[in-house]
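J.: The lines below spell out each chain.
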Amino acid sequence: MSQPVLDARDLGKSFASGAERIAVFSGVSVSLAAGQSLALMGRSGSGKSTLLNLFCGLERPDNGVITLLGERFDCRAVEGFREQEKRWARLRRRQVGVMFQEANLMPALSLLDNVRLRARLAEQPLEQCQAWLDRLGIGELARRYPDQVSGGQRQRAALAMVFAMNPDLILADEPTGSLDRRTAEEVSAELFRLQAQTGVALVLATHDPELAERCRMTLDLAHGAGSGRAS
Amino acid sequence: MTLFAALFSHYRRHPLQLVALALMILVATTLWSGVRQLTEQARASLSQSEQVIAGRQQVLRVDGAGLTVSDFVTLRRAGLCVMPWLEVPRQGQVGVVIGVDPLAAACFDGGGGAFDNAALRLESEPFVDIGEAVRLARESPAAERRPSLVLIASGNVTAGALPGGYRLETFARGPETGELGESFLLNLDALGVLVLLITALLLRAVYRLGIVQRRESFALLHRFGVPPARIDRWLIMELLTLSALCILPGLWLGRELAGLLGQGFGRSLQGLFDAPLYSISGQWLAPALSMMAVVLVACLADFLVPGGRRVVGSRGHGKLAGILLGLGLLLALLGPSLIWVFAAVAIVFAGAGLLIPILIYRLAERAACARADPLVRWRYRELAVMARQLALPVVALQFTFAMVLAIQALVTTFEDTFDRWLAQRLEAELYVPVPEGRSGEAAARWLAAQPELKTSGAWHRVIRGRAGVSVPGGTQTPVDVFALSPVSSLLTGWDLLASGDDPWASLAGEQAVLVNEQLARRLGLSVGDRLELQLAGQRSNLPVAGIYADYGRPAGEILINGRLLPEQFQPEFESFSISPGALSRARLRSGLESVWQVSDITLRDNEEIRDLATGVFDQTFLLTRSMTVLTLALAGLALLIMGWVFFTGRAWYFRLLATWGLSRREVAAQLTRLSVGLTGRVALLALPLGIWLTWVLVHRINPLAFGWSLPMAVYPGFWVELVGLSLLIGLGIALLMGRQLRAGVAMPASATSMTGGER
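Protein sequences, first through last, are from chains A and B.
Residue numbers for the first sequence follow the numbering used here, beginning at 1 and rising by one.
Residue numbers for the second sequence follow the numbering used here, beginning at 232 and rising by one.
Calculated from the structure, these hints are not laboratory results.
Built from N, CA and C at the ideal position, the CB exists for glycine as well.
Incorrect hints may have been included.
Output of the computed footprint for chain B on chain A, the stretches with three or more beta carbons under 8 Å from beta carbons of chain B [stated by the list, open to error]: (1) 31-40; (2) 81-95.
Some chain B residues flagged as far from chain A (calculated, every beta-carbon gap over 10 Å) [to be verified]: (3) V304; (4) R366; (5) G396; (6) L399; (7) E400; (8) E469; (9) V616; (10) T648; (11) G724; (12) V758; (13) S857; (14) A889; (15) W891; (16) L893; (17) G955.
Excised from the complex, chain A in its bound form (with noise of 0.2 Å):
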């Protein structure tokens, strides 16, 4: 097996309520290589989302270490939290795309700007971003505002984000999880058909067992603390 896109070991995540502190996870590992799927399951406030948010260093673990494209990040580093922090926004930035449940586009750019901007930021070129809203069937939409379109569209404009900056890990939030039973399947068919023809590393976090039995790997974080390992 190839070096892995995102190995994480032994993470743990507790947040402050008052004076007590309350364990969202803990002794959570996951290896994901290029192609590999994997969907995080789990209750609402299971935390899957911070767990994604820890894959991409929005959110730091109380403990762990991540080794995201062959950088290491451990918790214990004595590493400055700026050094780190912009080692994860060089990662965001060119290597891993991020994509919510909704709000992923800016409002005040077409759908064409912001798939431009997205991946103008990632360095890459611009002259495929038009292609990228053709393949997901929204090309005459691209003059559009956000706010101009559906739900689905938008969502597929988010996929066209992503992939227009060619990453190597996509960590997607509940990206069907506003839409409409047949939207949803349409758009996580884009993204699956997707992540197959380039190859990227995906990581999905959704309620939804169906969308989770199309991912190669689950990791089931219902049970709280100590539970997660990658099956």
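Using the hints provided, position chain B relative to the given structure of chain A.
T.: Structure of chain B alone, referenced to chain A:
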């Protein structure tokens, strides 16, 4: 949970908005009621001054000596209706109290019908019993002005009925101000309205932002079966409660502010119109109700006029702004009176207020289209959104910038001009008033005989009195006359607004007169026009050789050569201006004391007078400066708060940039460029409006209101300061937001709702 609790829960989550709203109401009330209080005081003072002395006459001693109680007794024993009038400076406060004798005044009711009105109720200041006035005078020995007794005569008293040694003269507490007093009050009213407009705009901006954020709650309550009318009623109740809580302390603060600024304002009134500032009893109900109405209209205009709101940037707004600007500019140029010019200013401001957000929006849109870089394009598009969303505070800040620019330019120009003018008027080192009952003639002969003065010094004699002037065929106007002789080098350095060839030589040669700007404007005089002059019954006809600036007083003045005065001319006052040169001051003093046969004469150092005058002037403009600075601070604070709240609504999009890999510093830089870009553009676009307003103040309002004009000057240094201030506000917004962004990554749940998702 009750409906009110559900509605109010918004402010539990956003306490800053509630604080901002309360602060806006409080400060708006303070500023407006402060200006209003001073305007009311000025209005009452001018009105009382005019009302009480209208058509009155006073008795004077022929020998020019001051009046005493024995003069009053003599006149009353002669059966004449006269009443003592004693003005005493108010200790530690602005203005004067006037002591009158109610018993003596009784004869006025029957005969002159003069003091039978509300102006003379002893229980209302400024009038008190004369005994009280005497007590006050004795208690304040260090009073700035020594009280002098005046004997007012009723209309029945004629010159023939007076005992020997007395004469009658019209009683006037200052020069005839004509419509200038009204213009002055109109200026104050305009300042008050402008302050109210700006604060109302800010108030509306803060309130509307809250309403926009609460729309979802309203919709939810509506879905739960609460009728919209009931929600509206609760909102009105909420606003009324908040207003009531904030307006009363605001009114109290306004009174304190007026008291704080009253000293300078009182001097201003005294300097301009010789009318002291009387204190008036404070009113609470009317201003409180007025302010409450303003708050309700400013905040609930959308409820009151359904469908009245339109989107900023619409074509209709642009056209309307263009029409208003064109109309206002034309009216400002051609307006025949002050009220028209103020209307023009209001129309231009309305046009600019509509235009500026549209202009920033369209310029930003155009810039976005022209840029290939998606990040730059995004930034310009965000700027366009901000221009629309923050239209009201942006316009308020722009108005304030324009007002501050104009007033600063006016005051600074006046300072420069006034300093130069004062230096020229006080060119002589010494000012020597001729003692009571002595003649200046002998002193003039003695000064002319001093060889040191001839070689190294300079001097001239000034005789002040009254004269009548008219243009050929016109009616006669009373003016102050200043007869100068000789026309020394102390005079020839004066800056003249207009002059012919060597006006001072013409004056010295008794071939012409000089007139002040006020008189020239009033009579429409130009250099070369001929003036009919009546001096103590003697008529002469002389051309105008020059027009000189005379700031502060509305009275008409002429300068003539002292040799033109006829023998029978009654001087009111005589003085000498002397630069002694090699002649020692001791020698000058002893020489003049010997000539006048007095033991002590006054040799006043003009430098001290200059310092005193400059001090009074500085006080005079304290009010205007304080108001503009306070309004600027308020507008800046409002935009800061509004900008912060706006960015808070769009925080997710900056976090999205961080998610996409921009470092915190890069995100902060984008934020800073946006906020500074907006406030900087507001300041830059306020510059033309400010310059135009300066022009209107200098060339239209000032001449119409005060009878004199100033040279038009602009101060780019101050522009830089204002632009700097606007950038600081922008940086402040970015700083506040930067802290918020550092606080952690929130989920995008609210990003597309409310204001956040608008474009």
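J.: Using Cβ atoms and 10 Å as the threshold, tell me whether B/V304 really stays out of contact range of chain A.
T.: The assertion about B/V304 holds, with a minimum of 88 Å to chain A.
J.: Is B/T648 truly not at the interface, in the sense that its beta carbon sits beyond 10 Å from all beta carbons of chain A?
T.: With a cut-off of 10 Å, B/T648 remains clear of chain A, as the shortest Cβ separation is near 50 Å.
J.: Against chain A, does B/L893 keep a CB gap of more than 10 Å to every residue?
T.: It is violated; B/L893 is separated from chain A by about 7 Å at its closest Cβ, not greater than 10 Å.
J.: Evaluate the condition: distance from the CB of B/G396 to the nearest CB of chain A exceeds 10 Å.
T.: 89 Å, holds
J.: At 10 Å, judged by beta carbons, does B/V758 keep clear of chain A as stated?
T.: 63 Å, holds
J.: When you look at the beta carbon of B/E469, is every beta carbon of chain A farther off than 10 Å?
T.: Correct as stated: the minimum Cβ-Cβ distance to chain A is 31 Å, above 10 Å.
J.: Take a quick look at B/G955 and tell me if its Cβ sits farther than 10 Å from every Cβ on chain A, holds or violated.
T.: 29 Å, holds
J.: Looking at B/E400 again, its CB stays over 10 Å from all of chain A?
T.: For B/E400, whose nearest Cβ neighbour in chain A is about 76 Å away, the distance exceeds 10 Å, so it holds.
J.: Once the closest CB in chain A is found, is it more than 10 Å from B/V616?
T.: Check fails; 6 Å does not lie beyond 10 Å.
J.: Run the C-beta distances from B/W891 to all of chain A and say if the shortest one exceeds 10 Å.
T.: 5 Å, violated
J.: According to the definition I'm using, a residue is off the interface if its beta carbon is farther than 10 Å from all beta carbons of the partner; does B/A889 meet that for chain A?
T.: With a cut-off of 10 Å, B/A889 comes too close to chain A, as the shortest Cβ separation is near 7 Å.
J.: Beyond 10 Å from every chain A Cβ: check whether that's true for B/G724.
T.: 63 Å, holds
Hint compliance for this structure: hints 1, 9, 14, 15, 16 are broken, all remaining hints hold.
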